[in-house]
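For the record, the sequence lines run as chains U and B. For the first sequence, the numbering used here assigns the number 1 to the initial residue and increments by one for each residue that follows. For the second sequence, the numbering used here assigns the number 1001 to the initial residue and increments by one for each residue that follows.
None of these hints come from the bench; they were simulated from the model. Any given hint could be a false lead.
Unchecked claim - So, partial list: chain B residues that the calculated Cβ filter (under 8 angstroms) puts toward chain U:
| hint | residue |
| --- | --- |
| 1 | Gly1096 |
| 2 | Val1114 |
| 3 | Gly1144 |
| 4 | Ala1147 |
| 5 | Thr1178 |
| 6 | Arg1248 |
| 7 | Glu1306 |
| 8 | Thr1312 |
| 9 | Val1315 |
Note that the Cβ used here is the ideal one computed from N, Cα and C, for glycine as well.
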Amino acid sequence: MKSSYREALRAGIRDALIRDERVFLMGEDVGAYGGSFAVSLGLLEEFGPGRIRDTPLSESGFVGAGIGAALGGMRPIVEIMTVNFSLLALDQIVNNAATLLHMSGGQFHVPLVIRMTTGAGRQLGAQHSHSLEGWYAHIPGLRILAPATLEDARGMLWTALQDPDPVLIFEHGSLYNVPGELANDAGPVDIVTAAIRRPGDDISLITYGGTLPVVLDAADQLAAEGIDAEVLDLRTLRPLDDAAILASVARTHRAVVVDEGWRSGSLSAEVSARITEQAFFDLDAPVGRVCSAEVPIPYAKHLELAALPSAARVVAAAKTAVAAGG
Amino acid sequence: MDAAHGRHLLLQMVRVRQLEEKCVELYSAAKIRGFLHVYIGEEAVAAGVLASLGPEDAVVATYREHGHALLRGVSAGAILAEMYGYVEGCCRGRGGSMHLFDAATRFFGGNAIVAGGLPLAVGLALADKMAGRSNVTVCFFGEGAVAEGAFHESMNLAALWQLPVLFCCENNLYAMGTALARSESQTDIALKAAGYEIAAWAVDGMDVLAVEEGARRAVDAVRSGGGPHFLELRTYRFRAHSMFDPERYRTKDEVARWMERDPITLLRTALESAGHLSPAEWEQLQADAQAEIAAAVEFAEAGTPEPVEELTRFVYSERGAGDGADEATGADAAGQPAGKAAGAP
Ligand SMILES: Cc1ncc(C[n+]2csc(CCOP(=O)(O)OP(=O)(O)O)c2C)c(N)n1
Ligand SMILES: [Mg+2]
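If we strip away everything but chain U, and leave its shape as in the complex, we get (with noise of 0.2 angstroms):
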């Protein structure tokens, strides 16, 4: 069936709300105005305003909660309309939902999801741009999740709430009008490993979320100059699936990773920290980065273009380690 990253998104969400009970959906105007990205559009006419929630501008108190009502035994869906507003409620990400588990030496669990949008792209400016689940990722405690297609979309939400620890899930802004095909039997998928996007022998470009699009469209034009191009989706940020990230530099001894976050104290940086502790001797070419400038992200669309990572970019970068060495 035709499906848009959108729709697959509120696919998942019905779907769980219809399986179990103890599910709900909160946040900031998820109901009446029908989701500030409209991925909730028209739950509230079918669940009512008791499961789809609409809460006043309160981040931190309403991420408190879904944390209360994980431990009170609901099954919670908290929805935060980006990244750079769950800053507000980092307190409680951080410190309540990451740490329960632990502190009460194994007594209290938080199964508890928290969608938000994430990422540039739409000259919104430095306040509502920013990719930082890669901050997130650094965090014990909380399972890390990004889909960047429809089947991940559709499927890791059913999967994250049966999950007994805390997802965050992130849904970068330029997927939702992604359009595709979905299968009509598209359910549950794993959220523990990374994906082959698209398979390749001489180079491994490892990416997740918005960026995804990006480094397969730059894995099309190194084809045509005759590079070709592993593409790997992480899908899930913490934990790294190292195996699949291993395996795949060992089959083509060079990565470049691709990460919308910026640079320094990176994802990226711990993605290609991981694969030089393991794979050293595999690697044919030291392991090339694509970030974003690091600058808050400007509004002026060439230089918010400028900021981001690029096929052009991608394509570069995968040039120079394939010169680079044997």
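Dock chain B with the ligands against the given chain U, drawing on the hints supplied.
Same frame as chain U, but now just chain B with the ligands:
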């Protein structure tokens, strides 16, 4: 009512209205991008409050701030050029509609994080108080912001330290699609400030004279050491929240009822019936605003994009060491920027 002053206030509101209508038009023509929030219907609030300030006072606003910037003295050309993303814009095209700043007029932004400006305003007022200056900081925010922790923390700090700040809550009854009554257990917003021992009252935000009168009273009290004050300005936005809002949450009837209290029509009618505004004067006033906005569009159209090589400027101050010279390539920069502590230019 003083006739000339009345006409002045009318002109201010008409300038904002015309700027906003032009923004909508330019957005539809894809000249402006990103999120765009217009102030149409709420002009009396900025016009009345800003009329009560002096040049040394400070202003903090939200993402719905084109009107505040304009009436604070930022030129319409610099505002529009900003939205075009050009270097001639008030923030060189780096901020856009939601992030207008202007040091010359002490306009401390646009802020796209709801309630993000309140603690800033508290700090600006703290600096004035510590330095012994008699300035007032005015902070605008929507009623949606009162649900945020930052609102309550700011109220308490301002009252506790008796800071020279005027909080102006623009209560337009909706935060995106969430009606006030659906988000607040206590919908009397002035009461919340009163709970922190802040002098607070509600004002008809569609009546610019009432707004100005209330603001003058509050600003005078703040300036003379009376501590923080709080105005709840009851208003309404006539347009959608942003350009992406299908307005499922309110009826056309409700909007139409509020439009009967259009702040521009209210003042215009009052001036006319007092014999303070002739048809010719009204025509002239509109023509003046039109000419200003037309010139601003021309200015913006002639703007230029900032060279891409300058992308990583202004991440750190340029007068100190460690200004991120090697950051353009994403290489790790060493050390702390020395210029940072020097404060705003
Ligand atoms: C912390 C934060 N959460 C959510 C948003 C998204 N958002 C932008 S404007 C808005 C509504 C704010 O309403 P209000 O404060 O009443 O101001 P108004 O738009 O009515 O002027 C929301 C929810 C945001 N910008 N910041
Ligand atoms: Mg409002």
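Verification of the hints:
no. : hint    : in the structure
1   : Gly1096 : holds (3 angstroms)
2   : Val1114 : holds (5 angstroms)
3   : Gly1144 : holds (5 angstroms)
4   : Ala1147 : holds (3 angstroms)
5   : Thr1178 : holds (6 angstroms)
6   : Arg1248 : holds (6 angstroms)
7   : Glu1306 : holds (7 angstroms)
8   : Thr1312 : holds (5 angstroms)
9   : Val1315 : holds (5 angstroms)
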